[in-house]
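Between the sequences and the hints, there should be enough to build the whole structure, so can you do that?
The numbering of the sequence shown is our numbering, which starts it at 1 and goes up by one.
Think of the hints as simulated: they come from the structure by calculation, not from any bench.
Careful, some of the hints might be misleading.
[What the hints assert, rightly or not] Once the Cα atoms are required to be at most 35 Å apart in a straight line, the calculated DSBU-like pairs of lysine-lysine come out as:
| no. | residue 1 | residue 2 |
| --- | --- | --- |
| 1 | K264 | K377 |
| 2 | K61 | K198 |
| 3 | K292 | K198 |
| 4 | K61 | K376 |
| 5 | K147 | K279 |
| 6 | K19 | K376 |
| 7 | K61 | K317 |
| 8 | K163 | K19 |
| 9 | K256 | K291 |
| 10 | K163 | K192 |
| 11 | K256 | K317 |
| 12 | K147 | K317 |
| 13 | K256 | K147 |
| 14 | K264 | K192 |
| 15 | K147 | K264 |
| 16 | K18 | K264 |
| 17 | K279 | K317 |
| 18 | K147 | K198 |
| 19 | K292 | K317 |
| 20 | K279 | K264 |
| 21 | K19 | K256 |
| 22 | K377 | K18 |
| 23 | K147 | K192 |
| 24 | K291 | K241 |
| 25 | K377 | K19 |
[What the hints assert, rightly or not] Cβ-Cβ distance ranges computed for the label pairs, FRET-style:
| no. | residue 1 | residue 2 | range |
| --- | --- | --- | --- |
| 26 | D9 | L164 | 51 to 57 Å |
| 27 | G272 | L375 | 24 to 30 Å |
| 28 | F172 | L262 | 38 to 44 Å |
Note that the Cβ used here is the ideal one computed from N, Cα and C, for glycine as well.
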Amino acid sequence: MTLSEEYNDNVLETAHDKKSDFVTRVQPGAALRYGSRFLTGDLSYNFDYQYYARGTRNEEKNHYASLHGTAEILDNFFFLEVSDTLSRVSLDVTRDVTGESLFANQSDQNTAIVSPYLLWHLGEKGTLKTGYRFRDTTYWGSPAISKRENQGFADVGLEISPKLSLSAGYVFAAVSTDIVDYDQHDLNTGFKYEYADKSFLFGGIGNRWQRFSGSRDVSNLFWNAGVSRDFGQLVATVQTKVLFTEDPLAVSTKEKTYEGSLEKTFQHGAAGGTLGYSKYTDTTSSAPDRKKAYLNGFLRYELAPRLSGSFVLLLDKVSRRAATDYACHLSGTAGVSYAFNDDFSASLSYSYTDYRRDWESAADARATNRLILALKKLF
1 MTLSEEYNDN VLETAHDKKS DFVTRVQPGA ALRYGSRFLT GDLSYNFDYQ
51 YYARGTRNEE KNHYASLHGT AEILDNFFFL EVSDTLSRVS LDVTRDVTGE
101 SLFANQSDQN TAIVSPYLLW HLGEKGTLKT GYRFRDTTYW GSPAISKREN
151 QGFADVGLEI SPKLSLSAGY VFAAVSTDIV DYDQHDLNTG FKYEYADKSF
201 LFGGIGNRWQ RFSGSRDVSN LFWNAGVSRD FGQLVATVQT KVLFTEDPLA
251 VSTKEKTYEG SLEKTFQHGA AGGTLGYSKY TDTTSSAPDR KKAYLNGFLR
301 YELAPRLSGS FVLLLDKVSR RAATDYACHL SGTAGVSYAF NDDFSASLSY
351 SYTDYRRDWE SAADARATNR LILALKKLF
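Following this line, the structure appears as structure tokens:
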């Protein structure tokens with residue numbers, strides 16, 4: 001159970017005529033876990049009630065749920081996997097705003113998956129996983145595009161040595177959306193090599209073929225390659241990847257990313273940062289969408305045996321579709337948390353969010369300050 005009180009000086013997130021409000025939130029939740037020889041499962045549910053004291057918005061009630069279960073129907077051979085996730089997601093694929101805003105540019109999303117599959121053992125170090133997967137992604141209260149997929153798949157894994165493993169896979173999918181239907185074929189292969197203790201060289205490449213109804217066929221390469229190095233208390237990673245990301249406002253979106261990150265652990269905390277660049281493409285037309293450069297960092301530190309502090313900074317610049325779009329974005333959050341006895345804790349956090357059309361100009365900037373006091377009890 002979490003109870004919180006928030007002061008927000010720009011609750012409607014406007015550039016002009018800002019309105020402040022006090023937001024009371026009540027967030028009860030529950031989590032269950034079950035495990036046996038043939039059945040495992042996790043279930044969680046959270047309810048989020050929001051009340052605006054000055055009436056800037058009507059009260060809101062949001063639901064969050066997660067279910068995942070696996071049943072072993074035939075001994076170590078035939079399995080059934082089921083999952084369902086209900087959450088709030090950002091409508092903008094380039095920016096996740098769910099952590100900095102209570103409602104703006106978001107939608108309810110439910111993703112349900114049912115997958116029976118067979119697990120074939122190829123000797124002592126190889127496996128072949130073949131099966132069927134149904135995926136339904138549904139949105140409510142927004143212009144987002146719902147999707148339904150019927151997939152057949154085969155994945156092969158082979159452990160060459162304790163340090164080297166290989167993989168390959170194929171997926172066929174028949175996809176139905178609110179706008180267009182299409183068939184899709186994915187073929188991929190990859191490897192992972194531990195060249196030093198907890199340090200990895202990894203790579204994978206594949207191709208996706210898509211045939212859209214009433215449109216042309218398209219073909220796109222995808223990959224994931226990089227290297228990570230563990231220096232003890234410092235971990236460095238450099239990677240490049242192309243993936244087909246879930247974009248609520250598009251039928252099919254390809255995201256190409258180049259990224260480097262560092263993470264340092266201390267005796268009483270950790271710090272890290274990531275620098276990256278991404279390009280987005282609408283694969284239905286092969287038209288470039290937007291580009292994004294981003295920098296983020298974090299710091300966590302134990303100030304005392306029960307007192308901890310944290311700081312998170314996010315910076316990004318996204319190419320604009322229109323002159324009125326906010327290309328530049330800054331978000332920072334600092335907070336402290338104190339743990340009492342009996343699984344009871346209290347936290348105080350301050351966050352600042354700033355959207356601008358250009359870093360050098362504050363004209364029409366959209367800035368928001370939030371101060372949140374929260375109490376949490378685990379039972």
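Straight-line alpha-carbon gap K61 to K317, limit 35 Å: holds (32 Å)
Restraint status (C-alpha distance of K291 to K241 at most 35 Å): Given pair K291, K241 holds - Cα atoms ~15 Å apart, limit 35 Å.
Given pair status - K264, K147, alpha carbons within 35 Å: Answer violated: K147 to K264 is near 40 Å, above 35 Å.
Satisfaction of hint between K147 and K256, Cα-Cα up to 35 Å: Roughly 22 Å between the alpha carbons, so the hint for K256 and K147 holds.
Restraint check for K18 with K264, where alpha carbons must lie at most 35 Å apart: violated (40 Å)
35 Å limit on alpha-carbon distance, applied to hinted pair K147 and K317: holds (29 Å)
Distance restraint hint 38 to 44 Å, applied to the beta-carbon atoms of F172 and L262: holds (40 Å)
Verdict for G272, L375 (Cβ pair) under range 24 to 30 Å: About 29 Å separates the Cβ atoms of G272 and L375, which means 24 to 30 Å holds.
Distance restraint between K377 and K18, which requires alpha-carbon spacing of 35 Å or less: Roughly 34 Å between the alpha carbons, so the hint for K377 and K18 holds.
Satisfaction of hint between K198 and K292, Cα-Cα up to 35 Å: holds (31 Å)
Straight-line alpha-carbon gap K147 to K192, limit 35 Å: Answer holds: K147 to K192 is near 32 Å, not above 35 Å.
Pairwise hint evaluation, K264 against K279, where the allowed Cα distance is 35 Å at most: holds (28 Å)
Violated hints for the displayed structure, listed by number in ascending order: 2, 8, 15, 16, 18 and 21.
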